[in-house]
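Heads up: the protein sequence lines correspond to chains A and B, in order. Heads up: the first sequence at position 48 corresponds to 48 in the numbering used here, and the numbers run straight through without jumps. Heads up: the second sequence at position 91 corresponds to 91 in the numbering used here, and the numbers run straight through without jumps.
Bear in mind the hints are in silico, worked out from the structure with no lab data behind them. Worth double-checking, as some hints may not be accurate.
[To be verified] Below, simulated SDA-like cross-link-like pairs (lysine to any residue); rule was C-alpha separation at most 25 Å, straight line:
1) A/Lys-120 with B/Phe-16
2) B/Lys-42 with A/Tyr-130
3) B/Lys-42 with B/Asp-112
4) B/Lys-96 with A/Gly-143
5) A/Lys-209 with A/Glu-239
6) A/Lys-35 with B/Asp-120
7) B/Lys-40 with A/Ala-67
8) B/Lys-42 with A/Leu-47
9) B/Lys-86 with A/Leu-141
10) B/Lys-86 with A/Leu-47
11) B/Lys-96 with A/Phe-27
12) B/Lys-40 with A/Phe-27
13) B/Lys-40 with A/Lys-183
14) B/Lys-42 with A/Gly-165
15) A/Lys-35 with A/Leu-25
16) A/Lys-120 with B/Asp-120
17) A/Lys-183 with B/Gly-23
18) A/Lys-120 with B/Lys-40
19) B/Lys-55 with A/Ile-150
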Amino acid sequence: MRGWILSNYKYLILRRISQITLLVLYFGGNAYGWKMLTGTISSSSVLGALPLSDPFAVLQMLAAGAALSFDVLLGAIIIALFYGIIGGRAFCSWVCPVNMVTDAANWLRRKLYIDKIERKIWVTRNLRYYMIVIALIVSLLTGMAAFEIISPITILNRGVIFGFGAGAGLLVAIFFFDLFVLKNGWCGHVCPLGGVHSIIGKYNLLRVKHNSDNCTLCMKCKDVCPEVQVLNMIGKRSEFVVKQECTNCGRCVDVCDDDALGFNIRNYIKK
Amino acid sequence: MKKEGKKIQISERRRFFTNIAQGTGLGIMGGLLWAGYAEKAKSSPLTLRPPAALKENDFLRTCIKCGLCAEACINRPSNIDKESGKPRPGTLKMAKAQDAAAIGTPFFVPADVPCYMCDDIPCVPVCPTGALDEEMVTNEAGELDFKMMDMGIAVVDPNSCIAFWGIQCDACYRACPLLDEAIKLKYGRNERTGKHAFLMPVVEMTICTGCGLCEKACVTEKPAIFIQPREIALGKPGDHYVKGWDQKDQQRVAKRMDTDVTTHNKRSEKEASDYLNEGVDFE
């Protein structure tokens, strides 16, 4: 039993540890004055020295016409470099707290067989990229970072650190949206921050690799994948998951009983 | 004209343009709703911001809503309750959806927790974006100077201030960190009794930082002295009125000359002395 849990939930458990540890550190930064990680997910400070900032927030603020200090720009560059080289879109599944909300909705959706019953609504998964453009235009027109005033990510993050307010309703709304309206609706279709991290992580090194020789076409991976279009090679070609929307969550690796999926390093030099 | 019953052919070109139009329409609809909400979120002029905050519009575009200022405020060493040994509530709060300030931005409510005007101003240097601008509270010697803070201004409501009634109260005067500088006591003779004095608090507008310790200390049911943002509480006389007896004030007006606005209308075509004398028979 223990072995089964460790092999089938390894990355899920690691991800929850990562997400919750970060929230605990943020919470302690405010409540107990811990210095390890202060600030919020928008902009943080590690040990009071290393700045980390949300590149999308910085982009919107620049569009809004803000004259920004060096610290926040450096923080955004550090984040972009980390995910651009190593993490890919890992922010969404390893850091972002809303992932836990939408994963819960998606889990319940599978348990209640809602996928099999609900009326299908089709929404393009490119909506997130249009949202980026609209967010930047609205920022430009209103002189205010547009997504930052509605972002459920920062609302949840700030809620944990400083206490929840009426904005928590948005998280409930997203939960029900993902549960009853659109599968993977928020994280897989709407969220522009996910779009930005998709673009940033397009050419990163750490990726899931498929080995179609081992694949038995059980399709468990496609069942759990929140960005199912990235698994278009399953059972067909042995190759890396190359699409930028893969969040490196590792659920497909977890559920695969045939050793057909695993993390690997993309090698650009050999080719 | 197409005959009835015949299936209408939709060309690829029509499909393409319709898709583009649909996307644009949805984008504009969403964008307008979004922009409307953003404009509404911006229009909260009653907000008191942390020290050294940029002007409200610039502050809103520059603040990344990270909360480092609020965390520096609550976790400052001077904020430990001497009795319990635990931190007291911080001055700065991060706005929630129901607060008057734009969501996620720092603000404070002096009646709850005023600003204690720390010597080292811990909330300002931690700001990563420059929305709290260290230079605004740095004096000529290059040191952080809490006297340069400018969060708002204390306003006295003389009708509800009991000191103006003639009851002795100097709670705000004594609570003020800039004692006898930002709030002064104006003496007056109590004509009703003929032998008592009024000691009335008067705010020195140029010195008051808007920390709100007076509001917190005020003894009336609802404070009779309270903090307002400067943009709201202060008027502006304009450059047309000059204190003729004050050389400094004349310099103020001298500076305006290069940005002077002259009104041109039908009347201004003539000198005032001309049109005012029109139709007057001097003979």
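Hint check results:
no.	hint	verdict
1	A/Lys-120 with B/Phe-16	24 Å, holds
2	B/Lys-42 with A/Tyr-130	24 Å, holds
3	B/Lys-42 with B/Asp-112	23 Å, holds
4	B/Lys-96 with A/Gly-143	20 Å, holds
5	A/Lys-209 with A/Glu-239	6 Å, holds
6	A/Lys-35 with B/Asp-120	18 Å, holds
7	B/Lys-40 with A/Ala-67	23 Å, holds
8	B/Lys-42 with A/Leu-47	33 Å, violated
9	B/Lys-86 with A/Leu-141	45 Å, violated
10	B/Lys-86 with A/Leu-47	22 Å, holds
11	B/Lys-96 with A/Phe-27	17 Å, holds
12	B/Lys-40 with A/Phe-27	30 Å, violated
13	B/Lys-40 with A/Lys-183	32 Å, violated
14	B/Lys-42 with A/Gly-165	19 Å, holds
15	A/Lys-35 with A/Leu-25	9 Å, holds
16	A/Lys-120 with B/Asp-120	59 Å, violated
17	A/Lys-183 with B/Gly-23	21 Å, holds
18	A/Lys-120 with B/Lys-40	35 Å, violated
19	B/Lys-55 with A/Ile-150	22 Å, holds
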